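In the order they appear, the protein sequences are chains A and B.
All letters in the first sequence, in the order written, are residues 1 to 605 by my numbering.
All letters in the second sequence, in the order written, are residues 606 to 918 by my numbering.
Honestly, the hints are just simulated from the structure, not real lab data.
Being a predicted model, the structure only gives us computed values, none of them experimental.
Worth double-checking, as some hints may not be accurate.
To be verified - Dumping the calculated DSSO-like pairs for lysine-lysine here, alpha-carbon to alpha-carbon at most 27 Å:
id, chain 1, residue 1, chain 2, residue 2
1, A, K546, A, K589
2, B, K809, A, K291
3, A, K64, A, K121
4, A, K307, B, K807
5, B, K809, B, K916
6, A, K273, A, K307
7, A, K291, B, K807
8, B, K916, A, K373
9, A, K534, A, K576
10, B, K807, B, K916
11, B, K807, A, K373
Stated by the list, open to error - Label pairs and their computed distance ranges (CB to CB):
id, chain 1, residue 1, chain 2, residue 2, range
12, A, E404, B, V752, 51 to 57 Å
13, A, P405, B, V752, 28 to 34 Å
14, B, A762, A, T318, 38 to 44 Å
15, B, L729, A, G364, 35 to 41 Å
16, B, V646, A, R409, 47 to 53 Å
17, A, K305, B, V774, 39 to 45 Å
18, A, P388, B, V752, 28 to 34 Å
19, B, L844, A, P295, 37 to 43 Å
Just so you know, even glycine gets a beta-carbon here, dropped at the ideal spot from N, CA and C.
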Amino acid sequence: MADPVLLAKNLDVRFATPDGEVHAVKNVGFEIGQGECVGVVGESGSGKSQLFLAAVGLLAGNGKVTGSVSYRGEELIGVRERRLNNIRGSKITMIFQDPLTSLTPHMRVGDQIMETLRVHKRMSRDEAHRRAVETLELVRIPESRRRMRQYPHELSGGMRQRVMIAMATACGPDLLIADEPTTALDVTVQAQILDIMRDLRKELNTSVVLISHDMGVIAAICDRVHVMREGEFVEAGPADDIFYRPVHPYTRMLLDAMPRIDRPLRPGHVALKPLPANGEAPILLTVDDVKVHFPIRVSGTFFPKYKPLRAVDGVSFTLKEGETLGVVGESGCGKSTLARAVIRLLPKTAGTVLWCGRNLGDAGQSEIRALRKEFQIVFQDPLASLDPRMTIGESIAEPLRSLEPGATRAEISARVRAIMEKVGLDPHWINRYPHEFSGGQNQRVGVARAMILRPRLIICDEAVSALDVSIQAQIIDLILSLQAEFGMSLIFISHDLSVVRQVSHRVMVLYLGRVVELASREAIYSDARHPYTKALISAAPIPDPKLERAKPRRDLSPELPSPLDTRSALMFLKSKRIDDPDAEQYTPKLIEVAPGHFVAEHDPV
Amino acid sequence: MLHRSPAHPDAQLMERARAVKGRSLLADARRRLFRNKAAVVSMVVLGLITLMAVFAPLLSPYAFSDIDYDVISCAPDWWPGGGSFTCHAGGAHWFGTDIVGRDLFVRVLYGARVSLAVGIVATLVSLAIGVLYGAVAGFAGGRVDAVMMRIVDVLYALPFIFFVIILMVIFNQNFILLFVAIGAVSWLTMARIVRGQTLSAKQKEFVEAARAAGVGPFGIIRRHIVPNVVGPVIVYVTLTIPGVILAESFLSFLGLGIREPFTSWGVLISDGASTMETAPWTLVFPAAFMAVTLFCFNFIGDGLRDALDPKDR
Chain A
1 MADPVLLAKN LDVRFATPDG EVHAVKNVGF EIGQGECVGV VGESGSGKSQ LFLAAVGLLA
61 GNGKVTGSVS YRGEELIGVR ERRLNNIRGS KITMIFQDPL TSLTPHMRVG DQIMETLRVH
121 KRMSRDEAHR RAVETLELVR IPESRRRMRQ YPHELSGGMR QRVMIAMATA CGPDLLIADE
181 PTTALDVTVQ AQILDIMRDL RKELNTSVVL ISHDMGVIAA ICDRVHVMRE GEFVEAGPAD
241 DIFYRPVHPY TRMLLDAMPR IDRPLRPGHV ALKPLPANGE APILLTVDDV KVHFPIRVSG
301 TFFPKYKPLR AVDGVSFTLK EGETLGVVGE SGCGKSTLAR AVIRLLPKTA GTVLWCGRNL
361 GDAGQSEIRA LRKEFQIVFQ DPLASLDPRM TIGESIAEPL RSLEPGATRA EISARVRAIM
421 EKVGLDPHWI NRYPHEFSGG QNQRVGVARA MILRPRLIIC DEAVSALDVS IQAQIIDLIL
481 SLQAEFGMSL IFISHDLSVV RQVSHRVMVL YLGRVVELAS REAIYSDARH PYTKALISAA
541 PIPDPKLERA KPRRDLSPEL PSPLDTRSAL MFLKSKRIDD PDAEQYTPKL IEVAPGHFVA
601 EHDPV
Chain B
606 MLHRSPAHPD AQLMERARAV KGRSLLADAR RRLFRNKAAV VSMVVLGLIT LMAVFAPLLS
666 PYAFSDIDYD VISCAPDWWP GGGSFTCHAG GAHWFGTDIV GRDLFVRVLY GARVSLAVGI
726 VATLVSLAIG VLYGAVAGFA GGRVDAVMMR IVDVLYALPF IFFVIILMVI FNQNFILLFV
786 AIGAVSWLTM ARIVRGQTLS AKQKEFVEAA RAAGVGPFGI IRRHIVPNVV GPVIVYVTLT
846 IPGVILAESF LSFLGLGIRE PFTSWGVLIS DGASTMETAP WTLVFPAAFM AVTLFCFNFI
906 GDGLRDALDP KDR
């Protein structure tokens with residue numbers, strides 16, 4: 001048998017930090033064969049990225065590697081930088097999570113691809129150009145000749161990641177190391193990128209290492225899987241074994257915690273409390289035709305011209321007491337803007353919002369502040385949403401201090417402690433600062449802050465998206481059990497349909513500021529009508545290799561269309577489209593196809 | 606981790622028994638500041654200098670304006686290489702005497718009164734106005750910000766000396782005016798720095814979280830914006846204090862500031878500089894006091910900045 005492409009033995013990585021030594025990778029060994037796709041899965045801090053950075057000699061300055069890594073029998077640890085540079089970028093290439101920071105901003109993407117070719121393959125300009133266009137076509141970039149002349153900021157995230165893949169494959173590498181290549185991307189784009197990587201493997205017979213925290217992504221393309229935790233492989237084996245017959249409890253925990261779009265009920269977790277079936281629950285919130293437009297300067301320095309960016313363009317829905325409405329959509333669809341406009345953190349352009357029959361639009365500043373007692377919000381980034389200079393106790397107490405000025409010091413302190421216990425934080429931690437906590441603990445602080453006034457509505461704006469799956473499952477359990485206890489309504493915003501399915505009574509799908517489908521959680525998955533909803537569902541990765549392999553691939557347009565162009569809103573109703581980017585376009589109507597199931601007009605597929 | 610829960614179960618129980626009281630950022634900051642040795646030493650030294658300035662008349666038999674023609678430009682008794690100087694002041698002239706025979710020790714301490722007062726008061730004035738003005742402008746944004754910052758630009762454009770001369774002419778010369786004049790100019794830069802910091806701080810998600818929690822605009826500025834812009838502000842303050850002290854000496858040199866026989870460190874240093882070849886002590890003592898003071902302010906500033914940042918250990 002030939003040498004494996006990459007063979008690591010006793011690989012050990014330590015970092016010297018001011019707080020002492022961190023043992024990031026503990027004596028790990030692995031082997032990657034020709035044409036194989038190996039997945040490395042683990043939660044943040046498990047050392048999975050450091051392992052491969054160490055293997056190709058890209059470790060940060062304070063890192064120390066011991067052990068051996070060989071590329072086709074050639075030792076890589078301790079060799080000269082020059083030799084490593086020959087291998088890196090040509091034989092072993094890497095793709096990172098954020099394609100914008102890995103591309104040089106002031107160079108045209110074509111030049112960047114050609115640079116690799118000219119350095120490693122010593123191609124002439126013309127030859128390199130030809131090869132670069134070919135590679136861009138290989139990663140299915142339309143109009144590749146024109147794209148060659150564009151700068152990275154002119155491309156969308158998905159396009160940039162394709163360019164990165166093109167760069168990484170241009171020299172025909174033996175091994176492609178992809179570190180969370182799709183984490184920053186929308187699900188539909190993620191599905192396309194995974195497709196491209198799968199095809200590349202077939203066409204070029206390249207070995208691939210896929211590093212990810214997402215079991216679904218791993219299931220989609222990997223043959224073998226290593227599960228990593230705290231610097232060690234806890235389990236390794238063929239994908240089917242890992243997914244269907246996991247041995248190590250940690251692997252099982254990861255698989256259990258992973259929300260699955262095909263299974264709304266999670267055994268062993270808190271279930272969503274059903275709404276009272278008999279009598280109608282009272283309606284808490286009515287949103288009618290809300291629009292939020294931002295003026296965007298399009299031209300002119302002294303007499304600028306503005307064009308409205310229709311972030312939210314006519315959204316209506318109602319929310320009952322104790323109900324959870326899931327809001328799903330890809331980045332830029334206006335879901336966060338909608339939530340902020342509803343609770344008046346952002347001014348809306350048009351439409352009405354009724355809170356228990358009271359019009360929030362004409363409430364004065366002081367009135368709206370008083371009403372904030374009733375609706376609170378939990379943010380996406382737990383660390384950024386807490387003031388770094390406030391103890392968490394103060395942060396949690398803040399709504400209480402500002403909205404119930406009568407509360408005494410003792411009362412505030414007692415209520416802060418009570419709510420901390422409720423959300424699973426030790427009340428002795430009131431004097432700690434956010435940076436001393438993990439993301440999950442900080443998000444518990446965020447939930448505690450939102451819950452302390454016992455509001456009737458909580459908006460969770462991507463509240464679990466930034467967390468590891470196991471922590472994500474815990475926070476979802478926490479939110480659901482709080483809801484069961486206190487009966488508040490929730491608006492649960494997420495880009496992840498699998499998560500939304502678990503926590504919502506009804507699901508609303510947004511596309512470019514408009515509702516395309518609104519239905520109960522069963523109907524939206526079993527009986528999706530709108531092509532966009534269908535695309536979203538099929539793109540969501542499932543941690544089940546057989547299902548993933550069997551999945552039909554469907555292609556949406558590779559670019560998310562510009563929200564400044566009025567034509568893009570009619571992406572699914574091209575028959576009524578006026579071909580002028582500034583024209584007032586037809587507004588698709590919502591049609592009730594079944595009781596409570598609304599679908600926007602669309603062309604038949 | 607700073608706070609590690611004690612491993613021993615009994616110790617854990619003990620800690621549980623002790624009710625944990627909520628601490629504020631200021632209480633934490635004070636604790637951290639007092640752990641910083643350089644800052645503590647600086648505070649002690651600065652305190653000593655201040656006390657000496659306050660009790661100056663009790664420390665020496667001479668008055669600050671007593672002219673004694675018998676001891677003109679005399680070195681202190683212990684001055685090294687004494688033979689090369691014309692005379693020794695003797696007695697209680699610990700720092701020697703100046704060109705009209707006044708006791709330098711007392712004059713340095715009287716100068717400390719003026720310099721410290723100008724330095725601290727004018728800086729506090731500039732701090733208060735600048736931080737509030739800048740934070741409001743940055744937080745309000747839009748047109749309010751534009752108008753407020755144009756006002757700053759206009760004030761910037763006024764020639765400082767011209768401005769002081771006009772003030773002096775209108776209100777006659779007085780000590781308070783000196784504070785006003787210097788303070789009125791130095792808050793401008795502060796306001797700009799704070800505005801810039803505020804603009805970036807208000808984009809942060811925790812400000813939005815505070816709005817969602819029902820905190821009013823001034824509450825947000827006070828509780829969230831100001832604590833988070835404190836780092837650059839303190840650095841700038843430690844730069845302002847020496848700047849202000851020097852500005853005072855410059856005004857005094859022009860005859861617009863402090864008048865003889867009153868004095869300040871700035872005046873003493875500029876006088877000393879002109880006689881440094883014949884009487885180096887007239888330069889060395891005021892300069893040493895000023896240098897030590899500025900060092901102290903810098904260390905205290907560093908200490909404060911670190912103390913107010915909870916991420917610092």
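Each hint tested on the structure:
A C-alpha spacing of about 39 Å is found between K546/A and K589/A, which places the hinted pair above 27 Å, so the restraint is violated. Distance hint between K809/B and K291/A is fulfilled; the C-alpha atoms sit about 24 Å from each other, no more than 27 Å. Taking the CA atoms of K64/A and K121/A, the gap is about 32 Å. The hint is violated against a cut of 27 Å. At most 27 Å may separate the alpha-carbon atoms for a hinted pair to count; K307/A and K807/B meet this at roughly 26 Å.
Straight-line distance between C-alpha atoms of K809/B and K916/B comes to about 17 Å, which keeps the hinted pair within the 27 Å bound. Of the pairs offered as hints, the one joining K273/A and K307/A is violated, with about 44 Å between alpha carbons and a cut-off of 27 Å exceeded. Restraint check: the Cα-Cα separation between K291/A and K807/B comes to about 25 Å, which is no more than 27 Å; the hinted pair holds. Under the criterion of a C-alpha separation no larger than 27 Å, the hint pairing K916/B with K373/A is inconsistent with the structure, at around 31 Å.
Taken as a hint, the K534/A and K576/A pair is honoured in the structure, with Cα atoms around 21 Å apart against an allowance of 27 Å. The straight-line distance between the Cα atoms of K807/B and K916/B is roughly 20 Å, inside the 27 Å bound, and the hint therefore holds. Of the supplied pair hints, the one linking K807/B and K373/A holds, its CA atoms being roughly 22 Å apart against a limit of 27 Å. The beta-carbon spacing between E404/A and V752/B, approximately 36 Å, falls outside the hinted interval of 51 to 57 Å.
Separated by about 32 Å at the C-beta atoms, P405/A and V752/B satisfy the suggested range of 28 to 34 Å. At about 58 Å, the CB distance of A762/B to T318/A disagrees with the hint of 38 to 44 Å. Between L729/B and G364/A the beta carbon distance is about 37 Å. The supplied range of 35 to 41 Å therefore holds. Taking the beta carbon of each, V646/B and R409/A are about 36 Å apart, not inside 47 to 53 Å as hinted.
At about 52 Å, the beta-carbon gap between K305/A and V774/B misses the expected band of 39 to 45 Å. Between P388/A and V752/B the beta carbons are some 31 Å apart, a value that agrees with the proposed interval 28 to 34 Å. A hinted range of 37 to 43 Å holds for the C-beta pair L844/B and P295/A, which are about 40 Å apart.
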